[in-house]
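Turn these sequences into a full structure, and let the hints steer you where they fit.
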Amino acid sequence: MTDFFSARTGHRVSETQQDSFHSISVAKLSATQQMVMDCFDTTETLLTREDISARTNLKLSSVCGRVRALLDAGLLVKRGTRKCTATGKSQELLGLPVA
1 MTDFFSARTG HRVSETQQDS FHSISVAKLS ATQQMVMDCF DTTETLLTRE
51 DISARTNLKL SSVCGRVRAL LDAGLLVKRG TRKCTATGKS QELLGLPVA
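Counting in the working numbering, the sequence shown runs from 1 upward without gaps.
Any given hint could turn out to be false.
[Unchecked claim] With a cut-off of at most 27 Å between alpha-carbon atoms, the simulated BS3-like pairs for lysine-lysine come out as follows: (1) K59 / K78; (2) K78 / K89; (3) K89 / K59; (4) K59 / K83.
Just so you know, the hints here were simulated from the structure itself, not pulled from any lab data.
Here it is, written out as structure tokens:
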């Protein structure tokens with residue numbers, strides 16, 4: 001059995017405990033949070049909030065709120081940035097956590 005350490009507490013967490021936690025977290029997702037999570041097929045999938053909005057047909061303001069909740073829950077993580085081709089501004093790339 002592989003052991004992990006909680007970033008929040010620093011205590012050892014078994015793989016089974018971690019899987020159990022994530023299964024509970026996923027079960028409590030709202031419909032729109034699940035729509036956002038469904039955009040991420042693999043850990044290699046990296047999307048901006050605008051990408052998620054386009055894929056789900058949700059307003060950007062709705063996506064931003066759902067993404068914030070998923071980031072806080074640790075179900076999504078910030079994985080980098082890229083420049084917007086239209087505005088030249090930096091956009092956060094979001095993805096699934098990598099073990």
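Is the hinted pair K89 and K59 satisfied, with a Cα-Cα distance of at most 27 Å? Given that 27 Å is the threshold and the Cα spacing comes to 20 Å, the pair holds.
Are the Cα atoms of K78 and K89 separated by 27 Å or less? holds (16 Å)
Sort out whether K78 lies within 27 Å of K59, counting only the CA atoms. The hint holds at about 20 Å.
Could you grab the alpha-carbon distance between K59 and K83 and see if it respects the 27 Å cut-off? Given pair K59, K83 holds - Cα atoms ~21 Å apart, limit 27 Å.
Of the numbered hints given earlier, the model fails none.
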